[in-house]
Amino acid sequence: MKSRRQFLIDAGRGIGIAAAGGLVWAGFLSGKKAYPTVLRPPGAVEEDRFLAACTKCGLCVTACPYQALVLAAPGDGRPVGTPYFVMRERPCRMCRDIPCTANCPTGALDAGLVSDGEAGKAVLNVNKTRIGLAVIDRETCIAYWGIQCDACYRVCPVIDKAITVDPVRNDRTGKHAILGPVVHSEHCTGCGICERACVTKKASIFVLPRRIAMGESSDRYIRGWEAGDEKRIHDAPEDTTTVTPRSEKSPADYLNREDL
Amino acid sequence: MPGIVENRYRILRRLVQAGALSLFFAGNAWGWKVLQGSLSSSLLFGIVPLADPFALLQVFATGTMVAAKALLGGGIVLLFFAAIAGRAFCGWICPVNIVTDLADTVSTAVGEGNRSLRLSRNARYWVLGLSLVLSAWLGIAAFEWISPIGALHRGVVFGMGMGWTSVAAVFLFDVFVVRNGFCGHLCPLGAFYSLAGGWSWMRVVHSKEQCTSCMRCIESCPEPQVLPMVGKRDGPVTSGECTNCGRCIEVCPDDAMRFGLRTQGTKEKDPKEVTS
Numbered sequence: 021m022k023s024r025r026q027f028l029i030d031a032g033r034g035i036g037i038a039a040a041g042g043l044v045w046a047g048f049l050s051g052k053k054a055y056p057t058v059l060r061p062p063g064a065v066e067e068d069r070f071l072a073a074c075t076k077c078g079l080c081v082t083a084c085p086y087q088a089l090v091l092a093a094p095g096d097g098r099p100v101g102t103p104y105f106v107m108r109e110r111p112c113r114m115c116r117d118i119p120c121t122a123n124c125p126t127g128a129l130d131a132g133l134v135s136d137g138e139a140g141k142a143v144l145n146v147n148k149t150r151i152g153l154a155v156i157d158r159e160t161c162i163a164y165w166g167i168q169c170d171a172c173y174r175v176c177p178v179i180d181k182a183i184t185v186d187p188v189r190n191d192r193t194g195k196h197a198i199l200g201p202v203v204h205s206e207h208c209t210g211c212g213i214c215e216r217a218c219v220t221k222k223a224s225i226f227v228l229p230r231r232i233a234m235g236e237s238s239d240r241y242i243r244g245w246e247a248g249d250e251k252r253i254h255d256a257p258e259d260t261t262t263v264t265p266r267s268e269k270s271p272a273d274y275l276n277r278e279d280l
Numbered sequence: 007m008p009g010i011v012e013n014r015y016r017i018l019r020r021l022v023q024a025g026a027l028s029l030f031f032a033g034n035a036w037g038w039k040v041l042q043g044s045l046s047s048s049l050l051f052g053i054v055p056l057a058d059p060f061a062l063l064q065v066f067a068t069g070t071m072v073a074a075k076a077l078l079g080g081g082i083v084l085l086f087f088a089a090i091a092g093r094a095f096c097g098w099i100c101p102v103n104i105v106t107d108l109a110d111t112v113s114t115a116v117g118e119g120n121r122s123l124r125l126s127r128n129a130r131y132w133v134l135g136l137s138l139v140l141s142a143w144l145g146i147a148a149f150e151w152i153s154p155i156g157a158l159h160r161g162v163v164f165g166m167g168m169g170w171t172s173v174a175a176v177f178l179f180d181v182f183v184v185r186n187g188f189c190g191h192l193c194p195l196g197a198f199y200s201l202a203g204g205w206s207w208m209r210v211v212h213s214k215e216q217c218t219s220c221m222r223c224i225e226s227c228p229e230p231q232v233l234p235m236v237g238k239r240d241g242p243v244t245s246g247e248c249t250n251c252g253r254c255i256e257v258c259p260d261d262a263m264r265f266g267l268r269t270q271g272t273k274e275k276d277p278k279e280v281t282s
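Heads up: the sequence lines are chains A and W, in that order.
Numbered per this note's numbering, the first sequence spans residues 21 to 280.
Numbered per this note's numbering, the second sequence spans residues 7 to 282.
For reference, chain A alone in the conformation it holds in the complex (with noise of 0.2 Å):
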């Protein structure tokens, strides 16, 4: 039998070497967590709801009948095990039915996320899908340059809602319009199609996952040209003031500050 000092120290050693093996555990850990621009299936959660749901077993890249998902190997870079996309190499082709998400055991994937109606009777709708946002480089896009090239819009699933054709006046010949594409968020699903289309050399559209490619203006700021939208300030808080790092200084000084 043991004595009562002999079983707290063996405990203790055992609750310390554990600690010990934990800690380097959550450090590894911590350190492979993290990669801000993985693009996750459609039907996705949120990244990091995501990564506590997905138990990494490939039925959604199993289900992919273009290859398009890979599911993430040591060595990556990614979160090992778990699904993305490369949209340069083998971008999402947006399947009506959807398989990948479908087939996702877990809710990783979500399919009500890319479903019309209630649950119950909802229908899947692939156009809602948010794998990401196609942004555009304005400096190496050649349409931008005044070289005519509509690729991008061109291949787009979502063609003229998700990314229009906006002609601008080409300042520098004074007499030729630039047909510049503009991607609408509303309407792009990050499927990557145009990032794969792009004809320049690294490409000049390329997905980003939304919450990186995206900002967010606060309810205070009104569109008053824009009917109705003075409604949102009715649902802000009563604190009218917004709080950021700047709130210490008047609206009116801060800019004239040297610390700015």
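Hints listed in this document are in silico derivations from the structure and should not be mistaken for laboratory results.
Any given hint could be a false lead.
[Claimed, not checked] Pairs of lysine-lysine residues, derived as DSS-like cross-links and limited to a Cα-Cα distance of at most 25 Å, are as follows: (1) W:LYS75 / A:LYS148; (2) W:LYS214 / W:LYS238; (3) W:LYS75 / W:LYS39; (4) W:LYS238 / A:LYS141; (5) A:LYS148 / A:LYS195.
Knowing the structure of chain A, use the given hints to seat chain W on it.
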């Protein structure tokens, strides 16, 4: 042929392990609908969901509820091993078992008995606890992210990448540091099935009458602490740490071990056994 009888379960286990792995590979590569996915979640015949209950437990620890398909799959797998097969996952399905059995064969062949580290077989239960604590703390299924089982299995099915390093590390650890070091001392999935499989129906049963106490069963057993009754009394293996690999049965020269039911062997032996 000499060797086949003494290795009949080992050969059978290799066929089952390789067969499962091949079916998973074919499921992804050629769309065969027998087994698709991987060990953490899969689809049997395109309909029946299967899931690793320990992986789901880690997901629960993060505070995440999984969808019904995974719950059902985890329930089926847990029920199968807890009620019927015991810790048979480790000996019959897990691909790392191929690696660690090979490590044991190699280390025995070169006489590497003088390993430097002593490690308690209960360490795995600490690792099991840690897996859940870290899952809760970091919000990810902690063991699934470092598991050499997942690395090897997904590596074969979906592409290996650098996954071979952890598998090689397990091999070297078993050969040079601790005998049966990974599967028998550290693996939290083995620990989970040890706890879950302790009441299973299928058991290795010992009969003292035939036993000559040659101790080959204990020498070859990857979990020798589960055989305390050998040479002393009749009865089934009661510990959940037994992987039902059948190694003790095939190496026994006296037919003193056999597969049977948990309720068998403690009192009268059935007449078939007596006459043989």
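Is it true that the CA of W:LYS75 sits at most 25 Å from the CA of A:LYS148? holds, 23 Å
Does A:LYS148 pair with A:LYS195 here, judged by a C-alpha cut-off of 25 Å? violated, 40 Å
Within 25 Å, alpha carbon to alpha carbon, are W:LYS238 and A:LYS141? violated, 65 Å
Given pair status - W:LYS238, W:LYS214, alpha carbons within 25 Å: Roughly 6 Å between the alpha carbons, so the hint for W:LYS214 and W:LYS238 holds.
Pair hint W:LYS75 and W:LYS39, alpha-carbon separation not exceeding 25 Å: Holds, at about 17 Å.
Figure legend: structure checked against the earlier numbered hints; hints not met, in rising order: 4, 5.
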